[in-house]
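Chains A and B, in that order, give the protein sequences.
790 is the number of the first residue of the first sequence in my numbering; add one for each residue after it.
89 is the number of the first residue of the second sequence in my numbering; add one for each residue after it.
Quick caveat, the hints were computed from the structure, so don't treat them as lab data.
Heads up, some of the hints might be wrong.
As the list claims (entries may be wrong) - Pair ranges (Cβ atoms, derived):
#: 1; chain 1: A; residue 1: Pro979; chain 2: B; residue 2: Arg143; range: 56 to 64 Å
#: 2; chain 1: A; residue 1: Pro979; chain 2: B; residue 2: Asp148; range: 43 to 51 Å
#: 3; chain 1: A; residue 1: Met1004; chain 2: B; residue 2: Leu366; range: 37 to 45 Å
#: 4; chain 1: B; residue 1: Leu296; chain 2: A; residue 2: Ala879; range: 46 to 54 Å
#: 5; chain 1: B; residue 1: Thr282; chain 2: A; residue 2: Ile1065; range: 43 to 51 Å
#: 6; chain 1: B; residue 1: Phe163; chain 2: A; residue 2: Ile1069; range: 31 to 39 Å
#: 7; chain 1: A; residue 1: Asp950; chain 2: B; residue 2: Phe136; range: 25 to 33 Å
#: 8; chain 1: A; residue 1: Phe808; chain 2: B; residue 2: Thr282; range: 18 to 26 Å
#: 9; chain 1: B; residue 1: Asp148; chain 2: A; residue 2: Ile1065; range: 27 to 35 Å
#: 10; chain 1: A; residue 1: Pro979; chain 2: B; residue 2: Glu270; range: 24 to 32 Å
Unchecked claim - Which residues of chain A face chain B? A partial, calculated answer using Cβ under 7 Å:
#: 11; residue: Phe795
#: 12; residue: Phe814
#: 13; residue: Leu815
#: 14; residue: Ala894
#: 15; residue: Pro931
#: 16; residue: Pro938
What the hints assert, rightly or not - Covered by chain A, according to a simulated footprint, are these stretches of chain B (three or more residues, beta-carbon under 8 Å):
#: 17; stretch: 180-187
#: 18; stretch: 204-211
#: 19; stretch: 229-239
#: 20; stretch: 330-340
Think of the CB as a built atom: it goes at the ideal place given N, C-alpha and C, for glycine as much as any other residue.
The primary structure of each chain is shown beneath.
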Amino acid sequence: MGNSYFKVKSPLSKIIIYFVLILWFLITVFPIYYTIITSFKEHETVYSHVPKFFPYLDFKPSTLGWIHLIGRTAPGEPEYQVMKVLGDRAIYLRNSIIVALGSSAIAITLGLMAGYALTRFTYRRWKNDDIAFFILSQRMFPPVALAMPFFLLFNTLGLLDNVISLIIVYSIMNLPLITWIVREFISDIPKELEEAALVDGCSRMKALRKIIIPMAVPGIAVAFLFSFIFSWNEFLIALALTFENAKTLPLQMAGLTTLRGPQYWDIAANSLVIIIPPLIVTIFANKYIIRGLSLGAVKQ
Amino acid sequence: MVKTDKNIKYFFILPVVAFILCIGIFPLLFSIYMSFSKWIPASGGIQFIGTQNFRDMFRDPRFIHAFWLSFIYVFSTIVLQLALGILLAMLLQKDLVGKNFFRVSYMLPMLLSPVAISYAWKMILDFNRGPMNYFLTWFGISPVEWLGKGNTSVISLVMVDVWQWTPFMILTILASFEALPEELFEAAVVDGGTPFRIFREITLPLALPVIVTIVLLRIIDAFKVFDTVYILTGGGPGTASEMLNFYIYLKGFRAFNLGYGTAMSWVQLVIITIMFLLFIRSLKRLGAMR
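Okay, chain B solo, but in the shape it has when bound (with noise of 0.2 Å):
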């Protein structure tokens, strides 16, 4: 390589991380001082309170209950977004016609704004007037107060998520199957093996690494969850359907208790991080990550 590069290569990669430390890093290290501290919204000012927050939150039954809610919120959608994800993968991995129309159909829902979504959805599940209840009399099903009772808003915004985000679980595992060696599954077509066993013992065990993947980003973005909560259930009835983002937000930008949401979102955070690196140890020791 030429020798002047010494300079020119710090060039291109100091105002990335320079715009990383300033706009990424230095709010962070500033919401660590903020979650020991109190800001008062008259003055503007923030007042240092030591652990009060931290000691508040354990004491707090709708953080307790917002936390644990998120909890169930992404193990459920991430379980069915999984199965319904490997499931039209697997079928979309077939040549067919109109393969590439469902491709790209079934991206929709996840590029849509989720604000306008959710509007659809609520549509949708209008207690009296709203079409899902009308398809269920269908079958013989009474109609479901879906946004009004504490646990069907849970399972609305469940569907919803699923909804919006199985797309990116069939794209992205169906983009994974594609890339094993097609030569594979001819030899073991060759050699007799029935299509369920050709899936368990070559497609599945060769895409795990990549679907573990895609399953820890959707994770991260699935605790993120607020939009649809926003629109579509405010957190109720009551604060029945309060994930921690909203109840964070709501602390934070409804009661101005600036302190005490970012404390709740540093607990979360950690939590997430611990769970996380267990998470991807134990993957290791079972050999499904490299």
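Only chain A is shown next, with the shape it has when bound in the complex (with noise of 0.2 Å):
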């Protein structure tokens, strides 16, 4: 790292980078602070005319949004304004880690198969570039776009307000940037591995299992904490394709407006029950993701 292009040398230049990369850090945590501090707000600091932005300085900190996540009342509050919540969010928990781990795991296996062919085999009649497309191209389309026809077809299936419809329609969305990954990843294991296992009499499931597999472990867990986040975010194919038993996690966000006004306390606290699980994929597994980005955009 002795390079001196890389190195900032004045002062003043030091000052002003870091301005500016502080400034934007500030901007971006600032939206995920000031839910979290709303959430530990009451009726009167949030609707107070200046903003409060430091607990214990600024207002005294109250669990009332938290107590409502759960399903309970404030003492001395009426019991009507937490009505069925608990019940239905614990159902919507369930739906959403169901959903984001089974179109996971289809998209995985899937993903894993076509990135090992891409990587391996020759096709003649279909070039690899060809295959690789096709299944690139999945991206092209907007989700409303999908949305309409899956409606009719699971309408006439069935399936409408089903979880395995949700499962269906999320791995093939996730299926054209899991392969992409899996496949970067699987090209750099040397061929010369799994040929000598070849050589020896293995079969090629074995050694799928037995070398490929294992060494890919990195390129499948950034695989798969990108499919998870997507499938656990997404909103506008569950909003379209469920009413009442299979809805997901941020559906039930967006109807609290409209059952009793915005209680942003409310809001905040549930928002944050979505916002966990990703902001602590983002803190422990960086790196992978980093590195996730940068394939999906950069290799090319």
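Take the two lone chains and join them into the complex the hints point to.
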């Protein structure tokens, strides 16, 4: 790292660089910070004329939003304020987890096979690049364009408002990126390793299981993170294809305003439930995510 | 290679191709048929009505408005994101203390639920009590009705998109810069190049093909905008911030005019594809893409 281009020498330019970086950091973090503190506010503090930013200094934190979140009423608060929210929320949470895990599992299984096939075999009638493009082209279509035919299809099949329909749609939406990432990781694994095993009489499947998959674990992890986060956050398809039983967490959140006007401490606490899993993933797996992002766009 | 591979190579690729054909391509083909027909919610049947949907579209002022608005939206978000992305990637290319901290924290917005962050912005942009207008008073600017007026509601949506997706630009452009050989920069410094010239004559031209790809990916995604419109403005006030995908959603799933909705989404898809092909061709001619 002795490269002089990357060193910042003059203190003035150092100050300017840090100023810009810290400014963007504050812009990035502020909405998240504001959501966190709002979840600890009460009616008066949310609706005060000067916004409050610092718990304990500015305002007295309250756990009202979080009490509501687990389906209780605060002492002295009328019971009807918190209806059957807890039971619903547990169902939505379960749906979100099932859908995210299920679609990731399908997309990764298929993406792994495709990624392996595209790096290890040559196809003649359809060239490898054509197949890769065919898979990638699935990314082009806006979700709303997919939602409408799927709505009619699942209506006919009786699968509307069923987690299975969401799992199917999310796995097709996740497949392109996953195939892309897994393919890049597998192409980094030297072919000779497998070939030696195959010559020794090992079957393809066994070579895949014993050699490729263990070595591609980082790639699979990256792919899993991306597809889990995508399915966890997805809103439009879920809005179109579910009404009651198969609703996921983002939908439950979007319904909060219409239920009884915007009560921001409540909304903020709910937001955090959706935000926390990707937040933890980002903090602990940031290297993998950066790697995945650069693969998705840079290596072409 | 081993001879028995003949069958096994199809065994690996066929499930994927079959899955895409059934779940990806079939619904799309079906939606072409839908765009020429009308769905009757009561019976669940569809009735063929020819090109009626397409003719309606060009007489529908809301469609035309939403269509142009989407283009304005995509153009302005991409320009801002690209400018900010290049600037911040350039700064993060330097050896700095805390570089990784900035990189990780910048990543957050794009990984968090758009619904949740839309609510966060809704609180921030609140006319009476939001921090945004409060901060503006520090600079002597009078409060702005961020979500209540036509133009500002579009600006708010652009702002949220820039906040959410500039990280993607920063990180991918930075990755493309870091993929360049370091000796190149060393040599340029030895030759007496100023940082600005090195950037303009080495970094940017070499990273350009990747940047073009990143921009194309972002354009595709920016046209898909929906969640923030739904939560922040609901397309309003009136129809002022109605982006195309949001209008398609309203027609398809609120008015249950699925035929008209699919027809609109096909027009959108065809126009974007043509635009892309022209864009890529002109870039190739300029030599910006391999």
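Hints, one by one, checked against the model:
1. Pro979(A) / Arg143(B): 56 to 64 Å: Taking Cβ atoms as reference, Pro979(A) and Arg143(B) lie about 59 Å apart, which means the hint holds.
2. Pro979(A) / Asp148(B): 43 to 51 Å: Roughly 58 Å apart at Cβ, these two residues miss the hinted range, so it is violated.
3. Met1004(A) / Leu366(B): 37 to 45 Å: At 42 Å between Cβs, range holds.
4. Leu296(B) / Ala879(A): 46 to 54 Å: Hint holds: Cβ distance 51 Å, inside 46 to 54 Å.
5. Thr282(B) / Ile1065(A): 43 to 51 Å: This hint holds: roughly 46 Å between Cβ atoms.
6. Phe163(B) / Ile1069(A): 31 to 39 Å: holds, 36 Å
7. Asp950(A) / Phe136(B): 25 to 33 Å: Given about 28 Å between the Cβ atoms, the range holds.
8. Phe808(A) / Thr282(B): 18 to 26 Å: holds, 21 Å
9. Asp148(B) / Ile1065(A): 27 to 35 Å: violated, 42 Å
10. Pro979(A) / Glu270(B): 24 to 32 Å: holds, 26 Å
11. Phe795: Status holds, d = 5 Å.
12. Phe814: holds, 6 Å
13. Leu815: violated, 10 Å
14. Ala894: Result: violated, 13 Å to nearest chain B Cβ.
15. Pro931: holds, 5 Å
16. Pro938: The hint holds - Pro938(A) has a Cβ within 7 Å of chain B, the shortest such distance being about 4 Å.
17. 180-187: Satisfied; 5 residues make the cut.
18. 204-211: n = 7 at 8 Å, threshold three: holds.
19. 229-239: violated (count 0)
20. 330-340: Holds: 4 residues of the stretch 330-340 of chain B have a Cβ under 8 Å from chain A.
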